[in-house]
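This is what each chain is made of:
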Amino acid sequence: MRLINRKPSRPVALLLAALPFVAVAIAYAIGSEMRLAVNPQDRLLPAPATILDTAIRLFTEAERRSGRILLWHDTGASLFRLLSGVAIAAALSLVLGVLIGLLPYMRRSLSDFVAVLSMVPPLALLPILFIIFGLGEVSKIVLIVIGTAPVMTRDMAQRVIEIPREQIIKAQTLGASSLVIALRVVLPQILPRLISNVRLSLGTAWLFLIAAEAVASELGLGYRIFLVRRFLAMDIILTYVIWITLLAFLLDWMLRALSRRAFRWAEAGL
Amino acid sequence: MRLINRKPSRPVALLLAALPFVAVAIAYAIGSEMRLAVNPQDRLLPAPATILDTAIRLFTEAERRSGRILLWHDTGASLFRLLSGVAIAAALSLVLGVLIGLLPYMRRSLSDFVAVLSMVPPLALLPILFIIFGLGEVSKIVLIVIGTAPVMTRDMAQRVIEIPREQIIKAQTLGASSLVIALRVVLPQILPRLISNVRLSLGTAWLFLIAAEAVASELGLGYRIFLVRRFLAMDIILTYVIWITLLAFLLDWMLRALSRRAFRWAEAGL
Amino acid sequence: MSFVSVRDVWQSYGGRPILERVNLSVAEGEFISIVGASGCGKSTFLRLLLAEEQPTRGVISVAGDMPAVEPDRARGVVFQRYSVFPHLSVRDNIIAAESFGTRLGWLWGARLRAARTRADETLGRIGLDHVAGHYPAALSGGMQQRLAIGQALTARPRILLLDEPFGALDPGTRVQMHDFLSDLRAQSPMTIFMVTHDLAEGFKLGDRVLVFDKPRWDPHDPGAYGATITYDFDARHGGIPYHHLREKIHEPTHA
Amino acid sequence: MSFVSVRDVWQSYGGRPILERVNLSVAEGEFISIVGASGCGKSTFLRLLLAEEQPTRGVISVAGDMPAVEPDRARGVVFQRYSVFPHLSVRDNIIAAESFGTRLGWLWGARLRAARTRADETLGRIGLDHVAGHYPAALSGGMQQRLAIGQALTARPRILLLDEPFGALDPGTRVQMHDFLSDLRAQSPMTIFMVTHDLAEGFKLGDRVLVFDKPRWDPHDPGAYGATITYDFDARHGGIPYHHLREKIHEPTHA
Amino acid sequence: QEKTDFRIAWSIYVGWMPWGYLSDSGIMDKWAERYGISVEIVQFNDYIESINQYTAGAFDGVSATNMDTLSIPAGSGVDTTALIIGDYSDGNDAVILKGEGTLADLAGKPVNLVELSVSHYLLARGLDTVGLSEMDLASVINTSDADMIAAFSTSDVEAVVTWNPLVSEIVASYPDANIVFDSAQIPGEILDLMVVNTDVLAANPDFGRAMVGAWYEVMALMAAGDEDVLSALAEASGTDLEGYKAQLDATAMFYDPADAVAQALSPDLRVTMTNVAEFLFEKDILGVGAPSADFIGIEYPDGTVTGDPGNIRLRFDAGFMQMAADGEL
Ligand SMILES: Nc1ncnc2c1ncn2[C@@H]1O[C@H](COP(=O)(O)OP(=O)(O)OP(=O)(O)O)[C@@H](O)[C@H]1O
Ligand SMILES: Nc1ncnc2c1ncn2[C@@H]1O[C@H](COP(=O)(O)OP(=O)(O)OP(=O)(O)O)[C@@H](O)[C@H]1O
Ligand SMILES: [Mg+2]
Ligand SMILES: [Mg+2]
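Protein chains in written order, with the working numbering: chain P, 915 to 1184; chain B, 915 to 1184; chain X, 1326 to 1580; chain E, 1326 to 1580; chain V, 102 to 430.
Treat each hint with caution, since some may be false.
What the hints assert, rightly or not - Covered stretches of chain E (in silico footprint by chain B; criterion: 3 or more residues with CB under 8 Å from a CB of chain B, positions within the stretch not fixed):
id, stretch
1, 1392-1404
2, 1417-1431
3, 1477-1487
Source of the hints: derived by calculation from the structure; they are not laboratory data.
Glycine is no exception: its CB is placed at the ideal position from the N, C-alpha and C atoms.
Using the sequences and the hints, build the whole thing.
Right under this line is the structure:
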């Protein structure tokens, strides 16, 4: 029987799914063991038990000075920045995407510009951003917006253009103005795509968030990683990495669920 | 007449396309003028003429000490890292994507793992990469691979799954083995998608490249930007930013052209 | 009296002529079938009637109005595909024909309730009342096209334009659609232009069948000349074709 | 002698029965048309013949072989869509029927040249020699299906399975395809199973017409029972249907 | 121009930790209120970015070393005054070799450091002492301070130049780490300052008074060995009391304003600054198109100037520290 036709039974499938995770865990444990055998103080690959201890401490113990559990505050601050940035970028890309995709005048004037913008490396412009927007939340959010909005806008505009011309014509024969076409024909049809764009750009958004928090911040997941990176406190870093991965996974899952709920008319293709 | 039906004439269209670029240039010139009026030595927003001078100097004049034109060497080093990283990521995503998409056993064991991997923030794992791969070129390239391959792999696997089941069945009735199906049915059909994936992930790849070069390096576009940040040489930074933008644009354009040339059977959808 | 009049219309794209010297006069209530080789310009002609495009030369007017510059409520249209809105339920697709004409595209309160009642009536007439709450994707191809026609008619257009409306349906469904369209027409007379690939369909449904073809042909440059109406059959008597040659080639007549 | 034998086949998905007690015996060279309501399990039956799936119960054997566990060269298939490879030229699509059976899927040198000559012969026979270098996307729907059939036959299968092969074609093209298929069959006799929605087509082409339907029906649970072959018409004499009731409901006969 | 609201930036470093404490403890507010002004103290994680922001005008003052002050704000034409000389590095910066050897063994080896930083300067000064120059090294590899510890453990790295707390981390974590040169051998050359905009200071002397007053209040607490203060500083810098004290041992803090005044008046300062200017000029980062190492004028408390007297951009002002020493604040 061909390999492509061989399907694992249910228990085997579960085993297979767990396999790579277990393999990584074992590889890590061995690597850690070996390094710790040479130098018991080695911090690069702390023992799994150490990480677990650290994780429990981070999640439950308050910092002495402020009496706050930093991890939760870091998470709150970072999620606020991340979600604000992505939400603004999404709103911007939606509006611009519809305008560019629908109005020839807008398309002419903005599509090249957005294409060029999407190629600019925003990290290099960080100093200018900090001058213009200050060191507070704004500049971090703006960095996320600048980093994700152009690509999203291009894609949204493309999707608007891909809406069958027939529908736009049909709406006109029903007396729809440009505004009505934008609101009632185009908008609802590209919303599912907006969500999948948000899902795609969350990865980049995390990157920018971590980069921005590394420069000036007193709270945040990226800030904490940056801070402890100096001391190679890998137990803390790994806890934060796993936590960020989990958060990213949850966000992605929520967006997918939302999309499936909200847009039942678009059965497939998300 | 509705806005959506109003189309600019050719000269107006050209004017419109130029408009936002001109607007940004003018806004920059005014901002620069204002700051320079206060402090003629201000470095944050150097005069356009200064940037031009700097750009000409950077592109043509050799460094005193080494006698090399640094910009070209930086470009060479960075492009080498970028292209190696992206090429490896593309190859990896192609192979893994086909395996995951085609073989149920592989799908079970790897698809969850890749999904989780794609959510890990790779920057935070940089110290581990350094230890494993050293501080040289390898760790920079690996960072790019880790940063872009999982997302690409997920997409490739998805595309393989989307190949009409009919074709896979048909190939089997023509006596094709799993290998032949992978090589002759699946591979050629997802290559165009591979190229558009590479185009999409180049932006992220630049980010990781710049981040990696900022950490440890003696040559490279990202290295130079971070180095001259130490004395706020925005004229150099802006020259490099524009140059990177141009390079990114060229790469994108070349990939698009390649795709259009190489895959004439796939008329649309790229 | 000519309800739709097409006078000396030419259309070319990028210098390549597609239609040349098209003249036509249609009375109110006539059903015009349009046939012709693939790519000869049938859809282009419909686009001109729709005012989606302006002819390079010539004038098209409906009911004596000024030539339209863009599609409006005077023109209903149904394409082969994508003629309904996939994100609206079947009922909302019908209501759209009323609500889209408002400023923001939404109806509220009493007007919405009234529109909903009317929509349900319409759905009853086109036999879709049992799927009023479904989305188009859940409908068969034939039901989707019926919905598209019902939607177009709800806007009460002066002319209805159909571009291969049944081209994607299987034969059985097609026959049902013919009956459906004939019934609708019997209830409320309309001026209809229908492009079709199927000659039999054209004769079965149409009062007149127009054939588009290139009257002139340059073997070295197939794209040198455009198409025009070369035949204009009377198809009223049960589709038994007795035809009169419409115009002498190279000598346009003004209808 | 029975060439294809289907013995007491059941198929259910997730506990829901789709087919029940299907029995059939087909002689070599017969053309079997299969009709039935939408969703009744016609494609499922074809998938079983194709060995894409294994029946929940029962045995299917072709030419006396062991039941197949996966699709192989003994079974040719043409679906309504996606039956040709869009990234291969028309000629390469035919060659694929030879090259895909090799280890790496490629032919070289003399074997390739020979295959190419044979492919061009085939293309001549199915009337596609003038587009040998084109990609399928440049072909009309009818040409694509002709290519798909040609490709399937090049692999010399014992049985050919067609799942609504002409379902997406317009009526004119459809008639041409009927002639094409009849001609092919006249040249080289084949055992064919064809699912169709079009009863006329089934009778026109088939030697036998099988009707799939649910013999039992639970009004409270429409999915409670599966379908089986309820009628087996002899269609050989120019499609004039004289039929014999195949089996008493609830009393499976073993053919 | 006169104003009442001021913003200063600081970044985490042993000698600058008091700034964070000033802000958290309310001591800064107390002193600001006394002079009827407000001073906002903003912490940066990225030292260079804090200086850049000051240079661009977003802040009125910033904590910086003498070298970076000369190259970035002064070099960018922002007339800057060193208001407080907080300490000099007395072993806080070090050249660390992996394995046995001396400074001379760096020849032919790659060295990892933050390029163009005080580490780079320290390396240059160190190489001078053994008759080598940067040309004799295999290469100088720019390495982010955040990753210096991780970098040291890789086999590619043979020597690094960095500062505390990284130095003590590396020495503690890697038994083969070997300090071959440190800033204790060039005392008084790497100064940690609080620098402010000269124009702002001139128009608002109260700003200077409040800053200096607050600073020396904390200095007094630290000098007295106040455990609460020290452990707060330690925690904020991510270490414990022991660790922080160890760092302080390698830092010559001027707890007494009189000592700081003496440092400002010392003739050695002139030599140091001339050295620094030459180093920066050689690295091409002394101001835009600087024609020579004398391009920027530096004024000292006694009114003397090194460099171009027509282009004074950096001033050492002992006046405010003197007031603190005299108890006049
Ligand atoms: N917007 C356009 N720009 C350029 N050429 C066009 C455009 N629209 C149509 N054409 C060309 O005009 C010719 C006529 O096209 P049209 O769609 O009207 O043909 P048709 O008769 O409807 O064909 P079919 O039966 O295939 O639908 C074709 O050659 C087509 O390529
Ligand atoms: N893999 C599957 N898993 C679960 N249910 C299936 C599967 N394949 C088919 N079915 C169900 O089995 C029933 C029969 O499907 P099948 O495709 O065989 O019908 P059909 O007769 O070919 O219909 P049509 O004329 O619409 O093609 C349908 O209700 C379908 O939903
Ligand atoms: Mg057409
Ligand atoms: Mg079927």
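Against the structure, the hints:
no., hint, in the structure
1, 1392-1404, "holds (count 8)"
2, 1417-1431, "holds (count 10)"
3, 1477-1487, "holds (count 3)"
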